[in-house]
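One line per chain: the protein sequences are A and B, in this order.
Numbering-wise (this note's numbering), the first sequence opens with residue 1 and increments by one.
Numbering-wise (this note's numbering), the second sequence opens with residue 359 and increments by one.
Hint data in this document are derived by calculation from the structure and do not stem from the laboratory.
If a hint is listed, it holds; no wrong ones were tucked in.
If you anchor each label on the Cβ, the simulated ranges turn out as follows:
1. 435/B / 20/A: 54 to 62 Å
2. 98/A / 535/B: 53 to 61 Å
3. 150/A / 671/B: 18 to 26 Å
4. 20/A / 672/B: 41 to 49 Å
5. 472/B / 356/A: 34 to 42 Å
Taking beta-carbon pairs under 10 Å as the criterion, some of the chain A residues facing chain B (in silico):
6. 151
7. 278
8. 315
9. 324
10. 334
Idealized CB from N, CA, C, for every residue including glycine.
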Amino acid sequence: MLYREAGDFKTSYREDGQSFPIRFDRIAVQVTLAVALLVVPFVINDYWANAVALPFLIYAIAAIGLNILVGFCGQVSLGTGGFMAVGAYATYKLMTAFPEVSIIIHVLLAGGITAGVGVLFGLPSLRIKGFYLAVATLAAQFFLVWLFNRVPWFYNHSASGQISAPERTVLGQAVTGPNAEAWVTYLFCLLFLIFAAVVARNLTRGTMGRSWMGIRDMDIAAEIIGVNPLAAKLSAFAVSSFFIGIAGALFFAVYLGAVEVGEAFGINKSFLVLFMIIIGGLGRIAGSLMGAAFLVLLPVLLKNVLVGGLGWPTDLAAHLEFMIVGGLIVTFLVAEPHGLAQLWRVGKEKLRLWPFPH
Amino acid sequence: MPDQLLFAMEVFLNGLMAGVLYALVALGFVLIFKASGIFNYAQGVMALFAALTLVGIMEGQVPFSHLINAVFGTEIHHFGWHLPAVAAILLTGVVMVALAWAVNKLIFRHLVGQEPIILFMATIGLAYFMEGLGDIMWGADIKKLDVGLPQGINAWIDETTFNAFGYGFFIDNLDIWATVIAAVLVIALTIFSQYSKQGRALRAVADDHQAALSVGISLNFIWVLVWSIAGFVALVAGIMWGTKSGVQFSLSLIALKALPVLMLGGFTSIPGAIVGGLIIGVGEKLFEFLVGPLVGGATENWFAYVLALLFLVFRPQGLFGERIIERV
Numbered sequence: 001m002l003y004r005e006a007g008d009f010k011t012s013y014r015e016d017g018q019s020f021p022i023r024f025d026r027i028a029v030q031v032t033l034a035v036a037l038l039v040v041p042f043v044i045n046d047y048w049a050n051a052v053a054l055p056f057l058i059y060a061i062a063a064i065g066l067n068i069l070v071g072f073c074g075q076v077s078l079g080t081g082g083f084m085a086v087g088a089y090a091t092y093k094l095m096t097a098f099p100e101v102s103i104i105i106h107v108l109l110a111g112g113i114t115a116g117v118g119v120l121f122g123l124p125s126l127r128i129k130g131f132y133l134a135v136a137t138l139a140a141q142f143f144l145v146w147l148f149n150r151v152p153w154f155y156n157h158s159a160s161g162q163i164s165a166p167e168r169t170v171l172g173q174a175v176t177g178p179n180a181e182a183w184v185t186y187l188f189c190l191l192f193l194i195f196a197a198v199v200a201r202n203l204t205r206g207t208m209g210r211s212w213m214g215i216r217d218m219d220i221a222a223e224i225i226g227v228n229p230l231a232a233k234l235s236a237f238a239v240s241s242f243f244i245g246i247a248g249a250l251f252f253a254v255y256l257g258a259v260e261v262g263e264a265f266g267i268n269k270s271f272l273v274l275f276m277i278i279i280g281g282l283g284r285i286a287g288s289l290m291g292a293a294f295l296v297l298l299p300v301l302l303k304n305v306l307v308g309g310l311g312w313p314t315d316l317a318a319h320l321e322f323m324i325v326g327g328l329i330v331t332f333l334v335a336e337p338h339g340l341a342q343l344w345r346v347g348k349e350k351l352r353l354w355p356f357p358h
Numbered sequence: 359m360p361d362q363l364l365f366a367m368e369v370f371l372n373g374l375m376a377g378v379l380y381a382l383v384a385l386g387f388v389l390i391f392k393a394s395g396i397f398n399y400a401q402g403v404m405a406l407f408a409a410l411t412l413v414g415i416m417e418g419q420v421p422f423s424h425l426i427n428a429v430f431g432t433e434i435h436h437f438g439w440h441l442p443a444v445a446a447i448l449l450t451g452v453v454m455v456a457l458a459w460a461v462n463k464l465i466f467r468h469l470v471g472q473e474p475i476i477l478f479m480a481t482i483g484l485a486y487f488m489e490g491l492g493d494i495m496w497g498a499d500i501k502k503l504d505v506g507l508p509q510g511i512n513a514w515i516d517e518t519t520f521n522a523f524g525y526g527f528f529i530d531n532l533d534i535w536a537t538v539i540a541a542v543l544v545i546a547l548t549i550f551s552q553y554s555k556q557g558r559a560l561r562a563v564a565d566d567h568q569a570a571l572s573v574g575i576s577l578n579f580i581w582v583l584v585w586s587i588a589g590f591v592a593l594v595a596g597i598m599w600g601t602k603s604g605v606q607f608s609l610s611l612i613a614l615k616a617l618p619v620l621m622l623g624g625f626t627s628i629p630g631a632i633v634g635g636l637i638i639g640v641g642e643k644l645f646e647f648l649v650g651p652l653v654g655g656a657t658e659n660w661f662a663y664v665l666a667l668l669f670l671v672f673r674p675q676g677l678f679g680e681r682i683i684e685r686v
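Extracted from the complex, chain B is given alone in its bound form:
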């Protein structure tokens, strides 16, 4: 096989892996949007916050230590313990649930019935708030996150492809793990929403708030549940991205990467989020590989958006979105 084609194949595979991570973030958006009609811009910041909290708990950092030091002139930083990854993940899960409860209680309960765009803007405000909160709680320096996921080149794939084509593919172990975990997460969420009692209630709320309320489903509980699940998905995404590129501010920007994924796949479709993620992941890597050198590179910043924009002109509801019916 010619070299160019092999490179392209490698780029394609890496694009698929990146796409899985995009899909993971997009999934969090879809869940909240389906159940409450809120387009949660803060999803990316939630991933950042989850990752920061996870690192902080694992390292035994004192929350708000900077603030406390500044106010009282003390010099505290760490409690001096190291928690195992599993315990820290569980504790972070608890924090995310508490956050979900607070967000619902303090913000979105008061905004029931407002226009969707107002809710969207509220989530932008929430994103800013949480960004500041995360930095104040845990400090703004770049942190390393290691929960024991394998990293580095996968030797087996490298060897096999080298023997087959004479060129070893570079596939990161972490990406393979991310793919597996994302797949498990999607299957688990599908089973949860299709077969469990809460999952059915969740779909009922998504379908019609008032009808769900009238058959005795607690809207408050469902919304807290949904935000908790979204927080959990954010935690998983935060672990993956945090392990890959360190826990830092840029992590919150993955939300921006997930937006075109949503537009492509449709805001209300879980399969759409997955397929959209893969298309964007592969598309932007291949575009950068094929066209990038001709126009000066770094096309990854905008390619996904322009693709989604062009796509929407022809199909405004996305690939799998529900048909938009407008009435006066």
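Just chain A, same shape as in the assembly:
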């Protein structure tokens, strides 16, 4: 009833081209943002922040990044874990080398460094396509993880080979280190997610996004109509890696606090983020958020039901989780290749006509 364009007149091009043309959508987004920014910080506690909120926010940033590369530009990458590791180690080096600079700048710089590394590993995409490229990005995954594991300079020669985040503050509140409070870390990550989502949404609506989609749909045809494949592919790698680097930086500095590279940024992380965008919806920014929420909540839910509710051993629940995730991926690909975002869209279409569909 409320979800209508009828009566919602646009009087300028600016209004016509906005992200959420339907008033109800706009209000819904504004309300969600207001709740996320103004209500949640007051009620969040450590358990919710660490089990649900932080992983969701950080994975959502990574998923937005990967979605730009895979969903919009069509270049399948299995190197997400490696790029997240670049972001994490870049922040660590920056944080320890320039302690007086704000961590916000460090995180953004880490994103920039990751973008550079991403472009480097994106170069072969000009020659290699499809699976060959997917497999080639595994080279980035394994090489980067090995590099951070073996070269002591990256972890400042610490005895354990781990990196751990020193305490840094923003506006007088600790965001990293053991004294960081749940609501501060939550808000910090949320602001980065909002930044990532807004930038990604607007990039994909503009010239750059169109050239990415042209390359995705048919690269030769796109080239013929004047899209420069070099610029399009490398910019997709750069933007995607930028967000993934930020996600890696936050994952290390804010969420975990201390990481061991092989464990935190292994190949499984690459697959996890890839699954998020498949389940959420390839080529949809909202899909990245839904996929991340789904795959973060699912294990928590399963664990609470199976281990907490039924009293099953944890390893059994973990294996069942593997089966369920794998089964869901396949089910989604068979039933709805466009993911949760498409279901959401279909739902909205239905809602538009409800309650008089004829």
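Could you slot chain B onto chain A? The hints should help.
Then chain B, alone, in the frame of chain A:
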């Protein structure tokens, strides 16, 4: 001969043996890819699953015993029998065929005509599913697999080389057996695909689905056949790797080792899989031996990928792959 050179030769030989095992896994990939255009990421997990099932059947484990115990509070583990290796291998073969049928029926029939990358992602999902399934069916602990293949240093080679060079080469009996079995498997598969009726049908399907369909070849049957053969190859690879390093989760990672092999050799070429496997096997062992100490070791994790990546930049279709022709 100087010691260094002898060491290098030993490393080279061991690399060849490891390469054969990589090639064995890569072979499974090539078979499915040629016949159905599916790049089967789950091949490594299939090897793990086959090995787990084999151990489980040999030891007489009750499938899903953990799950049953957790749900009903029972305490069952084993049926209490031990099957001979041959019978267990045959039974596992039956399980793999059933699996091939189910995979085709439930997943890939519904995805006919989808983009290759979607199919690839479906196989990643399948890999996760089977990993969980294998663990739930047979338990996640590391198991010993012994089907009676000889293991340990080959005394004859050790002695002969010691007499000839004054330094005994360490070559594992199991690796020699693996090489022989892989060679037999490749020859058998080649004969099968060249001379048998089903093999020809398989190649026809690989060449052109629709044309094959129009001359009366059943696509469903061929796909089940191909997945069964891939399951069989996975079983052989699972036996080899399982005997070598125990049946455990890391077995599924051999798929990751086989990927650069495929890229080097080309996705569609059986000889390519063999040659690629040997190059990667020898290359990574020699690189680790020569350069590894200089950069901190454990280069085996990435060397194959970087080699394949550099190689692909110059030859995007691999060594023996079909030329990629792009049309708008």
